[in-house]
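Enquirer: Chain by chain, the residues:
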Amino acid sequence: MRRIAVEFVIAHVLLAALVGVVLLMPDARKVYPCDAFLVAIALIEAAYLLALFRGRRLKPFPSGSSDIVCAVWVLLLVWEVASTKLGVAHSVLIPSPENVFYVFERSGPELWANVVSSLELLVTGYVLGTVLGVFLGIVVGWVPRLRAMFYPIANVLAPIPSVIFTPFLVILMPTYRWAAIMVILLGVFWPQFLSMILRVGSLPAAITDNARVLKVSNWTMITKVILPFIVPDVLGNMRVSLTTGFLMLMYAESFGAKSGIGYWISNANVFANYANIVAGVITCGMTVTALNYLTAWLQRRFTTWR
Amino acid sequence: MGALVLDDVCFAYEDDLSIRRRRRGRGAEPENLVLKHLDLTVADGEFLCLVGHSGCGKTTLLRTLAGLQRPTSGSLSIDGKPLDGPGLDRSVVFQNYSLFPWMTALKNVEFGVRQASAELGRGLTKAQIAEVSREYLAKVSMADAADLHPYQLSGGMQQRVAIARALAMDTEILLFDEPFGALDVRTRRELQALMNRLWMQEDRDRKKTAVFVTHDIDEALLLADRIVFMSGGRFLADIPVAAARPRDPEDFLRRPAVRLIQDELLGLFYDAEETRRDRAEREQVFGEGGVL
Ligand SMILES: Nc1ncnc2c1ncn2[C@@H]1O[C@H](COP(=O)(O)OP(=O)(O)OP(=O)(O)O)[C@@H](O)[C@H]1O
Ligand SMILES: [Mg+2]
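Protein sequences appear in the order of chains E and W. In this text, residue positions in the first sequence follow my numbering: the first is 1, and each later residue adds one. In this text, residue positions in the second sequence follow my numbering: the first is 1001, and each later residue adds one.
Excised from the complex, chain W in its bound form:
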């Protein structure tokens, strides 16, 4: 279980002025939409990667999915139930700062597991919570760092712990916002391999739904069942990546079929800028909605 549906979702960061203006009825729609009429269905157990250049609204979308903000219009639902605010059917890994600095790695994971257990009525005992937490820390090779505080961990290690927490919470849906964005290439590869392995293991038990934001094309190719390209608050492309895991970067990224997708995405990245400019011009002439 864990199918995510977006229906005509719009979002605008509104200041008081634009809200007041809208209340007075001037302009039915806020002019500064960051998410523009998004429709999307993420199937249960699907690993969806969201790519797009900086500022296209990926974080905004993910925060909306996490329930941290409400869509300005449109609706979101999980398994048919409307999404209303944060919930422990989802766990989130942010680009940084996912951990509480005053808790050790283990305590951070335990905190998440305890919250999930209490909220979902799993009734785990203290010992069970500790056991699950240690188990997942071990899975991300952080067993030795269990008693260290985040300031004692490198960025990569912190993200490992954050991933361990998200997985240990055993939620149906996982949301990742550029979790490896601030890491060097090698560490990133390591963590991508780790995600691949973890997903294989999870696959065996029960598939989890994931929405993973990144602007690294290779990363998306290595991880995703499906890649959605986003630009200027709209989805421009929706590309399935049907391939078994684990995907070895050396081999997988060189396959002709994969190279094709890579080129397509690369093209989108470069075109998006132009397309955006074109659309802005078109909208000036024809008004909003001048189709792509």
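Excised from the complex, chain E in its bound form:
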């Protein structure tokens, strides 16, 4: 309890220092107004407090969040002092935090529209890839003959990065967006497919015997035995392949895209607009974190039995 209180105090001393520096120290560079930056700081602090007091007693302090928030304050402090206040950092490569967060204020709706466009691609490809991988994986894993045929084939195809197929996909698919979706879909499909084949094949004989003596129909076998058996693996794979999916998304959006957060970043890169780039990276981080929380929640919710 005492240690946590100390961390809590340190975090707030750092916060005070940061805000003090932002407001009181004279600028060495000309920057946009600092209000967006201050709002961002306030949001981080709010998230920190929320994590600490999450509707419970003070007891289960996640001490990790104190450490994290301290690190964030130090980082912002160094960044702010080196760029805006002293001007010692490279003025183009390292934009001031004021300028970076001002991007959200100025181009918030535009950024949001890009996030939505990205999520459309990601979610479509990710969901289709997962569903196809699970469904085909179950069928192929369950029928010995199909397994003997497709497992070796899948083992050859799976390690090939789906981005290699991009030239073909761009020609084969009706629109650019579908080509991008296919790249994401393939990136998510193979690991899920392979893992399902193995998982279904590893259904313990004791469980199948048990189902057989109860004379379950094929349909019941799939819905009441195989599906619950593989759900924990499906969700585990979903968490891992979220990263793959996001990588593929960023790649897909860097060619031929007219919108999306990856497009935003590569477009800003063309104009050497580093404030926009950093803002885009921060947006990416927040999006991935949100999706991660979602899949982690799904995993906790549906894996109750082991």
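Warning: the hint list may mix true and false statements.
Unchecked claim - Listed next, the in silico DSBU-like pairs over lysine-lysine satisfying Cα-Cα at most 30 Å (straight line):
#	chain 1	residue 1	chain 2	residue 2
1	W	Lys-1107	W	Lys-1139
2	W	Lys-1207	W	Lys-1081
3	W	Lys-1207	W	Lys-1139
4	W	Lys-1126	W	Lys-1207
5	E	Lys-85	W	Lys-1081
6	W	Lys-1207	E	Lys-215
7	E	Lys-215	W	Lys-1036
8	W	Lys-1207	W	Lys-1107
9	E	Lys-215	E	Lys-258
10	W	Lys-1081	W	Lys-1036
11	W	Lys-1107	W	Lys-1126
12	E	Lys-215	W	Lys-1139
13	W	Lys-1139	W	Lys-1126
14	E	Lys-215	W	Lys-1107
15	W	Lys-1126	E	Lys-215
What the hints assert, rightly or not - Chain E residues, not near chain W, derived (Cβ > 12 Å throughout):
#	residue
16	Ser-65
17	Leu-93
18	Ile-207
I should point out that these hints are in silico values taken from the structure, not numbers from a laboratory. Using N, Cα and C, we set each Cβ at its ideal position, and we do this for glycine too.
Once you have looked at the hints, place chain W with the ligands on chain E.
Expert: Using the frame of chain E, we list chain W with the ligands on its own:
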């Protein structure tokens, strides 16, 4: 109803090689028979205990009775109807892993009851299924654990649930494969007492046929109407145990008549090893079938 008849049942775990060899006509009979020409009649309502040392083929026989595998030759029938594959006229309790790990205790029992109801056309409603399931969980003193998953239950508790399911399914025949094999002595005694009580209750309604595999002699004595001793894939002895239930272990196992059976079985357990060696030698000299 529920009389089980085995007629000259043989079973061999066959690999592709031995099957191919047999197809080519070399050797009319697979050499590695695990069950050797078994004849047995289990009367309707009889509680039969199958004892024998490890590896003598008890599980193999039980799995054949459950319909999980076909006999290599010979036939099995229930009430005169040939046994073909698994069926809900039988319910099975395995040594472990009888429950689905992703279902709660109650859901596991309900699943069995629902399967039995659908297959046998009993047409139980959802509420009735739940009611029957809870009733049987209560009978094995597991009412409080209804909403726990198997991983939250001890081995003994899991077996209680498995027994509840088997009984709640209300099948004519019950097959048990060393259900208490992995449990400590005390828990085992508790569950034996429970089986005794349950069988008394069932007795009152309608007798069920049971085949119960165990290698614990006392367990067999406490539960069985009849004990069959098995060794090397053959039946070596068939001993009736005519005594009323419930059988109190303290008292029952000390009765002189029971002590006699105990000694006989113990003797068989120790002799079986020798007999087996003797027979192997004899078979080397005289060929298969050199009589015991
Ligand atoms: N799946 C299998 N494939 C090949 N052989 C097997 C298989 N299962 C069992 N056997 C063999 O069949 C014989 C009988 O095995 P079984 O499991 O029926 O014995 P058991 O009487 O149940 O023994 P225990 O008391 O240890 O459970 C053993 O010699 C064993 O090696
Ligand atoms: Mg066995």
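Enquirer: Against the structure, test the hints numbered earlier, and report the numbers of the ones violated in rising order.
Expert: Checked against the structure, the hints that fail are numbers 5, 9 and 18, while the rest are satisfied.
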